[in-house]
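In my numbering, the protein residues as written are 3 to 86.
Honestly, the hints are just simulated from the structure, not real lab data.
One or more hints might be untrue.
To be verified - Dumping the calculated DMTMM-like pairs for lysine to aspartate or glutamate here, alpha-carbon to alpha-carbon at most 20 Å:
| # | residue 1 | residue 2 |
| --- | --- | --- |
| 1 | Lys19 | Asp58 |
| 2 | Lys72 | Glu15 |
| 3 | Lys19 | Glu84 |
| 4 | Lys83 | Asp31 |
| 5 | Lys19 | Asp56 |
| 6 | Lys21 | Glu61 |
| 7 | Lys21 | Glu55 |
| 8 | Lys46 | Glu36 |
| 9 | Lys19 | Glu55 |
| 10 | Lys72 | Asp56 |
| 11 | Lys72 | Glu23 |
| 12 | Lys7 | Glu81 |
| 13 | Lys19 | Asp34 |
| 14 | Lys83 | Glu64 |
| 15 | Lys83 | Asp58 |
| 16 | Lys7 | Asp58 |
| 17 | Lys72 | Glu61 |
| 18 | Lys21 | Glu75 |
| 19 | Lys21 | Asp31 |
| 20 | Lys46 | Asp31 |
| 21 | Lys21 | Asp56 |
| 22 | Lys7 | Glu84 |
| 23 | Lys7 | Glu75 |
| 24 | Lys21 | Glu64 |
| 25 | Lys4 | Glu84 |
| 26 | Lys21 | Asp58 |
As the list claims (entries may be wrong) - Restraint ranges, calculated between C-beta atoms of paired labels, are given here:
| # | residue 1 | residue 2 | range |
| --- | --- | --- | --- |
| 27 | Cys76 | Glu38 | 47 to 53 Å |
| 28 | Glu81 | Ile44 | 36 to 42 Å |
| 29 | Tyr48 | Gln5 | 36 to 42 Å |
| 30 | Glu84 | Asp29 | 31 to 37 Å |
| 31 | Lys4 | Glu55 | 18 to 24 Å |
| 32 | His62 | Glu84 | 48 to 54 Å |
| 33 | Asn9 | Glu38 | 45 to 51 Å |
| 34 | Gln49 | Lys83 | 27 to 33 Å |
| 35 | Glu41 | Glu12 | 41 to 47 Å |
| 36 | Asp39 | Glu84 | 24 to 30 Å |
Cβ coordinates follow ideal geometry from the N, Cα and C atoms, glycine included.
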Amino acid sequence: MKQIKVNAYEFNELNQKAKNEVIYWLDQDPIDYETEDDEGDIIKEYQYFSDMEDIDIIEHCEANEYLFNKYGECIHHLEIKESE
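Let the hints inform the model, and build the full structure from the sequences given.
Take a look at the structure:
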């Protein structure tokens, strides 16, 4: 087995073009929630990351431990965490 090192970035460390790629990726799976209309009916709503502020996206990425390459492609799934 070969091991290689790659540079991994958090969302806030990326340039704007890479951030746009991350936002596009996140928008493929928006946050869904339910609200009630005036008549009491349940309505399913979606919140897209492209409508959020950077601070909200940063918090979401940190909470989910997302890491990216310099182009904004997700690479967090490649990380191997050593057990203590």
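Here is what the structure says about each hint:
1. Lys19 <-> Asp58: With a Cα-Cα distance of about 18 Å, the restraint between Lys19 and Asp58 holds, given a limit of 20 Å.
2. Lys72 <-> Glu15: Cα-Cα ~9 Å, so holds.
3. Lys19 <-> Glu84: Roughly 32 Å separates the two Cα atoms, so the pair is violated.
4. Lys83 <-> Asp31: violated, 26 Å
5. Lys19 <-> Asp56: holds, 13 Å
6. Lys21 <-> Glu61: holds, 14 Å
7. Lys21 <-> Glu55: Between Lys21 and Glu55 the Cα gap is close to 12 Å, so the pair holds against 20 Å.
8. Lys46 <-> Glu36: holds, 5 Å
9. Lys19 <-> Glu55: holds, 16 Å
10. Lys72 <-> Asp56: It holds: about 17 Å lies between the C-alpha atoms, which stays within 20 Å.
11. Lys72 <-> Glu23: holds, 10 Å
12. Lys7 <-> Glu81: holds, 10 Å
13. Lys19 <-> Asp34: Violated. Lys19 to Asp34 sits at ~26 Å, over the 20 Å cutoff.
14. Lys83 <-> Glu64: holds, 16 Å
15. Lys83 <-> Asp58: violated, 26 Å
16. Lys7 <-> Asp58: violated, 29 Å
17. Lys72 <-> Glu61: holds, 19 Å
18. Lys21 <-> Glu75: Satisfied, since the Cα-Cα distance of roughly 9 Å is no more than 20 Å.
19. Lys21 <-> Asp31: holds, 16 Å
20. Lys46 <-> Asp31: holds, 14 Å
21. Lys21 <-> Asp56: holds, 9 Å
22. Lys7 <-> Glu84: holds, 15 Å
23. Lys7 <-> Glu75: holds, 16 Å
24. Lys21 <-> Glu64: holds, 14 Å
25. Lys4 <-> Glu84: Measuring from Cα to Cα gives roughly 16 Å; hence the hint holds.
26. Lys21 <-> Asp58: Satisfied, since the Cα-Cα distance of roughly 13 Å is no more than 20 Å.
27. Cys76 <-> Glu38: 47 to 53 Å: Given range 47 to 53 Å: violated, Cβ gap about 35 Å.
28. Glu81 <-> Ile44: 36 to 42 Å: holds, 39 Å
29. Tyr48 <-> Gln5: 36 to 42 Å: holds, 40 Å
30. Glu84 <-> Asp29: 31 to 37 Å: For Glu84 and Asp29 the Cβ distance comes to about 33 Å; the hint holds.
31. Lys4 <-> Glu55: 18 to 24 Å: violated, 41 Å
32. His62 <-> Glu84: 48 to 54 Å: Violated, since His62 and Glu84 (Cβ atoms, about 26 Å apart) do not stay within the stated range.
33. Asn9 <-> Glu38: 45 to 51 Å: Hint holds: Cβ distance 46 Å, inside 45 to 51 Å.
34. Gln49 <-> Lys83: 27 to 33 Å: Distance hint for Gln49, Lys83 holds at roughly 30 Å.
35. Glu41 <-> Glu12: 41 to 47 Å: Holds, at about 44 Å.
36. Asp39 <-> Glu84: 24 to 30 Å: violated, 51 Å
In terms of the numbered hints stated before, the structure departs from hints 3, 4, 13, 15, 16, 27, 31, 32, 36, listed from lowest to highest.
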